[in-house]
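Asks: Chain by chain, the residues run as shown.
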Amino acid sequence: MTWKHVFTSSVGRKLTMGLTGIFLILFLIVHVGLNACIWANDNGVMFNRAAHFMGDNVVPRILEIGLFVFFILHIIQGLMLVASNRSKRGTAYAVNYGNRGSKWYSRSMGLLGTIILLFLVIHLAHFWIPSRITGVAETTLPNGVVVHDLFSLMKATFAKGEEWVVILYTIGCISLAYHLAHGFQSAFRSLGVHNKKYSALLTTTGYAFAIIVPLGFIMMPISMYFNWI
Amino acid sequence: MEHYNMNLTLKVWRQEDSQKKGNFETYKVENISSEMSFLEMFDVLNERLIQENKEPIAFDHDCREGICGACSMYIDGKPHGPWEQNTTCQLHMRAFKDGDTVVVEPWRAKAFPVIKDLVVDRTAFDRIIQAGGYISVNTGNAVDANALPVEKAKADESFASAACIGCGACVAACKNSSAMLFVSAKVTHLALLPQGGPERKTRVVDMIAQMDKEGFGACTSTGACEATCPKGISISNIARLNKEFTLASLLSEK
Chain U
501 MTWKHVFTSS
511 VGRKLTMGLT
521 GIFLILFLIV
531 HVGLNACIWA
541 NDNGVMFNRA
551 AHFMGDNVVP
561 RILEIGLFVF
571 FILHIIQGLM
581 LVASNRSKRG
591 TAYAVNYGNR
601 GSKWYSRSMG
611 LLGTIILLFL
621 VIHLAHFWIP
631 SRITGVAETT
641 LPNGVVVHDL
651 FSLMKATFAK
661 GEEWVVILYT
671 IGCISLAYHL
681 AHGFQSAFRS
691 LGVHNKKYSA
701 LLTTTGYAFA
711 IIVPLGFIMM
721 PISMYFNWI
Chain L
54 MEHYNMNLTL
64 KVWRQEDSQK
74 KGNFETYKVE
84 NISSEMSFLE
94 MFDVLNERLI
104 QENKEPIAFD
114 HDCREGICGA
124 CSMYIDGKPH
134 GPWEQNTTCQ
144 LHMRAFKDGD
154 TVVVEPWRAK
164 AFPVIKDLVV
174 DRTAFDRIIQ
184 AGGYISVNTG
194 NAVDANALPV
204 EKAKADESFA
214 SAACIGCGAC
224 VAACKNSSAM
234 LFVSAKVTHL
244 ALLPQGGPER
254 KTRVVDMIAQ
264 MDKEGFGACT
274 STGACEATCP
284 KGISISNIAR
294 LNKEFTLASL
304 LSEK
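Chains as they are written, first to last, in this note's numbering: chain U, 501 to 729; chain L, 54 to 307.
Looking at chain U on its own, in the form it has when it is part of the complex:
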């Protein structure tokens, strides 16, 4: 079997989805962990410093290229899979099996993924593009290093009067939660984890991850909007 045969087969395409999905899950851990520095109660010093490390150090910069590649792979392969899977039915059923046989979010990964993609575009326009391309106001850390003041940018983005941004981020995070609730365990299944012991562990971990991580993300715009930090 050539590489092409492997990765264009129905199982191989799921393999791509699972592998890129797990990489994106790892990225979420880094992202939520790093952003949690906004709650250090130091007016954003720790957060700005951590963000500076990620933006300045060569290792995260190289990983960022991989992140974009995996994002694009996951999105394109996902959309192609949805389109191909949909085309296999032909005549639609008059009565659908629906929630009796499966969870709604497990059947809506394409829709949830598309909402996350739209959110991602807006999210990149809010923070990544200013930080990398158009420029952000700078601030000096207590140790004298000049860094992008991303903390102030966050506060301005989620300030009072920006309700729609906070709502949009909440919708994005809820979509992410449901996407993960199915995606986390499904990714490992696609990679062939079938032992009952491990699949039970992965299912529980998956649900916990799907609740904790998006909740952490949602709390960021909310705590800024309500001036908790």
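Don't take every hint at face value.
[As the list claims (entries may be wrong)] To spell it out: a stretch of chain U is covered by chain L in this simulated footprint if at least three of its residues, at any positions, have a beta carbon under 8 Å from a beta carbon of chain L; those stretches are:
1) 512-520
2) 567-576
3) 619-625
4) 656-669
5) 689-698
[Claimed, not checked] For lysine-lysine, the following PhoX-like pairs were computed, each having C-alpha atoms within a straight-line distance of at most 20 Å:
6) L:K207 - L:K64
7) U:K504 - L:K296
8) L:K296 - U:K696
[To be verified] Pair ranges (Cβ atoms, derived):
9) U:N695 - L:T192: 37 to 45 Å
10) U:N596 - L:N60: 24 to 32 Å
11) L:G250 - U:A583: 32 to 40 Å
12) L:K150 - U:F571: 47 to 55 Å
13) U:K696 - L:V203: 15 to 23 Å
14) U:F527 - L:S71: 44 to 52 Å
15) L:L102 - U:W503: 51 to 59 Å
16) L:Q138 - U:I712: 55 to 63 Å
17) U:V530 - L:T154: 53 to 61 Å
18) U:L534 - L:S189: 50 to 58 Å
19) U:N596 - L:S189: 49 to 57 Å
It should be emphasised that the hints constitute simulated quantities derived from the structure, not laboratory data. Where a beta carbon is used, it is the ideal one built from N, C-alpha and C, also for glycine.
Given chain U, put chain L in place with the hints provided.
Replies: Relative to chain U, chain L alone:
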């Protein structure tokens, strides 16, 4: 259980052949006994249609004991009807009550084209089996049954997978019309036994290739297949199939 009679409204998919467009026809059936099977109710309706010089409804059936996998009706949105781990032929009319409207459709998948009414062409499954769902046995004397030791747990699991009757309910239930539960049951059945060892790698690769060629969708692990399977085939078989395929395809020499 109390016996009762009922009157039902049936909405049944009628389609002359694979080329013609189909549509739903409504039939009233009266005095149906709760002790009849779903197919017997169709027999009663067909007797009447024949007497009225109308075309009877074509449907697949054979053993009517729930073991052959021939019957294939999609009843009120679920393959094989409302009961769990049950085939259409073993569905009894006590599952319904007087006045119910029941919608009956054929399996719907491009890989299972309608032949007539509720009968679909499931030879795609036969071709998947022919691609690798077998073991090659040289002729000669029968080997002693106990010559090959088999671990009990594996024998049990293999047997549970071998219970698949190839009815195609998994394809009908899946939103992607995927045949992965069927293929995974067949692959698991042989992969866990020593007899399946020599062809283990080529089998999974060839069966997946044939499955893709037949036009079935990919698995997105929604679990609808497992929920509807009349034989309770576990979706964990699909994860095993993924492992078997990944190892066989990535480690192959070519």
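Asks: Output the indices of the hints that this structure fails to meet, ascending.
Replies: 2, 3, 4, 6, 16, 19
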